[in-house]
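The hints should help you fit chain B onto chain A, whose structure is shown.
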Amino acid sequence: DAGVIQSPRHEVTEMGQEVTLRCKPISGHNSLFWYRQTMMRGLELLIYFNNNVPIDDSGMPEDRFSAKMPNASFSTLKIQPSEPRDSAVYFCASRRKRQGLLLFNYGYTFGSGTRLTVV
Amino acid sequence: ELKVEQNPLFLSMQEGKNYTIYCNYSTTSDRLYWYRQDPGKSLESLFVLLSNGAVKQEGRLMASLDTKARLSTLHITAAVHDLSATYFCAVDVTGTASKLTFGTGTRLQVTL
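Sequence order for the protein chains is A and B.
Under this note's numbering, the first residue of the first sequence is numbered 837, with each subsequent residue one higher.
Under this note's numbering, the first residue of the second sequence is numbered 515, with each subsequent residue one higher.
Note that these hints are calculated values from the structure, not bench results.
Here the structure is a predicted model, which is why all the values come from computation and not from measurement.
Don't be surprised by glycine CBs; every beta carbon is placed ideally from N, CA and C.
Any given hint might turn out to be false.
Taking lysine-lysine pairs in the BS3-like style, the calculated list, with each CA pair at most 27 angstroms apart, reads [as the list claims (entries may be wrong)]:
id, chain 1, residue 1, chain 2, residue 2
1, A, Lys933, B, Lys517
2, B, Lys555, B, Lys582
3, A, Lys860, B, Lys555
4, A, Lys933, B, Lys555
Ranges of calculated distance between the beta carbons of each label pair, as one might list FRET restraints [claimed, not checked]:
id, chain 1, residue 1, chain 2, residue 2, range
5, A, Asp899, B, Leu626, 47 to 55 angstroms
6, A, Gly943, B, His589, 46 to 54 angstroms
7, B, Val569, A, Lys914, 21 to 29 angstroms
8, B, Asp580, A, Val848, 44 to 52 angstroms
9, B, His589, A, Ser902, 40 to 48 angstroms
10, A, Asn888, B, Asp552, 27 to 35 angstroms
Looking at chain B on its own, in the form it has when it is part of the complex:
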């Protein structure tokens, strides 16, 4: 059974600081997703990482994928309050019956 673990579960950081969220998964996968969820809202797609060594950046967020280590990271640079949300990683496995398995989520709180 595929397992996806994120850490930390909760992260409180000051504006302007940098931090990294980690996502480990237990089996071979060829696609890793990052989503953002604001309270009471749906899941917003941030990144799709398709291959080993893939790196994608959008604004203050950068995601990377190491398929050999089964690890993805979401790096936050110079955090701002607007980044406060819950971040999920999710993995799907190659095949016609692929489906998303989610991590536990990381609740990020950026304080002034």
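Isolated chain A (complex conformation):
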């Protein structure tokens, strides 16, 4: 099990440029979450998907942010155009869906994160 894989690990870009962050969830997990972490706001949920379908995007800060999950093994978070205030660490997490009353592992597994710096 390779865990949740995010790329790139670090990204430095100039203001106004498009940035794409990538995430590969754990195989068999069918919920995927994008979080952002900053000193000021802590860990915030941006958007999450169940079975590749966006369920709640109310945490996406602006129209400049968009996320897709074209299949069960891949998701992207795009910022266009990027701004300095978007600088943060972006985490992707995945979770296996609960099935009935059986006690599966409900844990959320987090990727290593992408540290984004917009200058």
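Coordinates of chain B only, in the frame set by chain A:
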């Protein structure tokens, strides 16, 4: 809106001492999580608490859950320097659209 509060935000303690981190949440939940984060690293799962009265222990850390009081505690026994990190509690709410809401985090510094 679910709110999750932790205290203290920062904790400096000497090796060998005991202390407790508190996590309060504002609505009914059936799962409470504790995570550890080292500087520049990802979130490492420590405990998942699934029911009222649940207690879990791993080494010098013990977590408990009181769903009636909407309170979880993370107790540190005889702290050692290696426990220095930021600790987060997080809550998710029953339902097919469950998601994690995090507390503010407690930065723990264990001094020699």
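Hint by hint, here is what the structure shows:
With a CA separation close to 24 angstroms, the supplied pair Lys933/A and Lys517/B stays within the 27 angstroms bound. Between Lys555/B and Lys582/B, the direct Cα distance comes to roughly 34 angstroms. Violation of the 27 angstroms bound is thereby established for this hinted pair. Among the hinted pairs, Lys860/A with Lys555/B is consistent with the structure: their alpha-carbon atoms are about 18 angstroms apart, no more than 27 angstroms. With a C-alpha separation of about 26 angstroms, the suggested pair Lys933/A and Lys555/B falls inside the 27 angstroms cut-off, and the hint holds.
The hint said 47 to 55 angstroms for the Cβ distance between Asp899/A and Leu626/B, and at roughly 50 angstroms that hint holds. The supplied range of 46 to 54 angstroms is broken by Gly943/A and His589/B, whose beta-carbon atoms lie about 21 angstroms from each other. A hinted range of 21 to 29 angstroms is violated for the C-beta pair Val569/B and Lys914/A, which are about 43 angstroms apart. Taking the beta carbon of each, Asp580/B and Val848/A are about 45 angstroms apart, inside 44 to 52 angstroms as hinted.
Roughly 43 angstroms separates the CB atoms of His589/B and Ser902/A, a value that falls within the hinted 40 to 48 angstroms. Between Asn888/A and Asp552/B the CB atoms are about 32 angstroms apart, so this pair conforms to the stated range of 27 to 35 angstroms.
The structure fails to meet hints 2, 6, 7 from the earlier list, while all remaining hints are met.
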